[in-house]
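Protein chains: 2
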Amino acid sequence: MVIKISHSEIKEKIIAAGLKATHQRIVIYAALMQMCDHPTAEKIFETIAPANPSISTGTLYKTLDHLVAVNLIAKVKSDEGSYRYDANVDNHNHIYCTNTNEILDYEDHELDQILEAYFKNKKIKNLKITDIRLQINGERLDLKKAISIQ
Amino acid sequence: MVIKISHSEIKEKIIAAGLKATHQRIVIYAALMQMCDHPTAEKIFETIAPANPSISTGTLYKTLDHLVAVNLIAKVKSDEGSYRYDANVDNHNHIYCTNTNEILDYEDHELDQILEAYFKNKKIKNLKITDIRLQINGERLDLKKAISIQ
DNA sequence: TCCTAATTAGGAATAATTACTATTTAGTAA
DNA sequence: TTACTAAATAGTAATTATTCCTAATTAGGA
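Chains A and B, in that order, are what the protein sequence lines are.
Its first residue numbered 1, the first sequence is counted upward by one per residue in the numbering used here.
Its first residue numbered 1, the second sequence is counted upward by one per residue in the numbering used here.
Simulated from the structure, these hints should not be mistaken for lab results.
Note that the structure is a prediction, hence the values are computed from the model and not measured.
Please note that the accuracy of each hint is not assured.
It does not matter which identical chain is meant; a pair holds if it fits inside one copy or across any two.
As the list claims (entries may be wrong) - With a Cα cut of at most 30 Å, we get these calculated DSSO-like pairs of lysine-lysine: (1) K13 - K120; (2) K125 - K43; (3) K75 - K11; (4) K11 - K128; (5) K20 - K125.
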């Protein structure tokens, strides 16, 4: 689900989120939107570096932090020692593939509703739940084929 | 739920898992069993160091890796740049508290059954699911009181 | 008790991320 | 359009968490 979105639209989203729309932020955010495999900061850097050779890792990390802070992107925990990033901030779940290190999105509104209903009754005292997400761990069986939902 | 368990019992568990029961492994595993807040490697080190001043971080990390590999403990992803460890390897969920950085266990067999039933029908193609865990994100409301289930 | 492969201590090396500072830039106001 | 200023960036040093390396030690078996 790559969504082609123009630079001016990206600029508007950044401004709407309350950030200055610098060239670097636009480039980084645009790159992440095109990458649907939850890339690491390093992968993002490799992607944008050819067209933006003067961009620095300091700027990349700081920009990612800013975009996370204003909820334009999300930081995704992983098992390989580095964080990964996600331009999809809607409530969704992740499939962690232990043999390929892939992280895949798993959206399931039926499941969301079941969980929401369940936790409406089952309160946890002194905690304000912000969101509930599933971490589905598994192994990809046929390495030549992709994992597909349903 | 601190379970007081003797060193000889711990030794047996390590041997049963197929590892040599060295002093260091016993100490590290015993310490983690007593710590229920999903400590980082550093916290574990601080805990065991006074009584074991010659233990090295290399050994600690390697031992944690070994214990994870034989499924005696689990590595827990976190948002603060370091991994945390958990002596509870039974299927259970985690509450991530965004304002205090606590990670709490949330066991709920009713929920486990709901999820198991749900994913029995809803297959994901080309994926062998090993486990499904919830990540409950939230904020602790009253910082003077603990979070409590039900 | 001896033997040997596995393990450890201690510290160097690496990887990911953050911090620092002089320079540049986006957005505003004249 | 130009000037201004706070915020952002480039480039790099520093830090943090973790892994790697090697000589010395140890657990468990013969």
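Right, here's what the structure says about each hint:
In this assembly of identical chains, the alpha carbons of K13 and K120 never lie at most 30 Å apart, being 33 Å within a copy and 40 Å across copies at closest. In this homomeric assembly, K125 and K43 come within 30 Å of each other (Cα to Cα) only across copies, at 27 Å, whereas the closest approach inside a single copy is 41 Å. Taking the shortest Cα distances, K75 and K11 sit within 30 Å of each other inside one copy (21 Å), while across copies they are farther apart (39 Å). Within a single copy, K11 and K128 get their C-alpha atoms no closer than 33 Å, and across copies no closer than 41 Å, so neither meets the 30 Å cut-off.
Taking the shortest Cα distances, K20 and K125 never come within 30 Å of each other, neither inside one copy (39 Å) nor across copies (43 Å).
Hint check: violations occur at hints 1, 4, 5; the rest are consistent with the structure.
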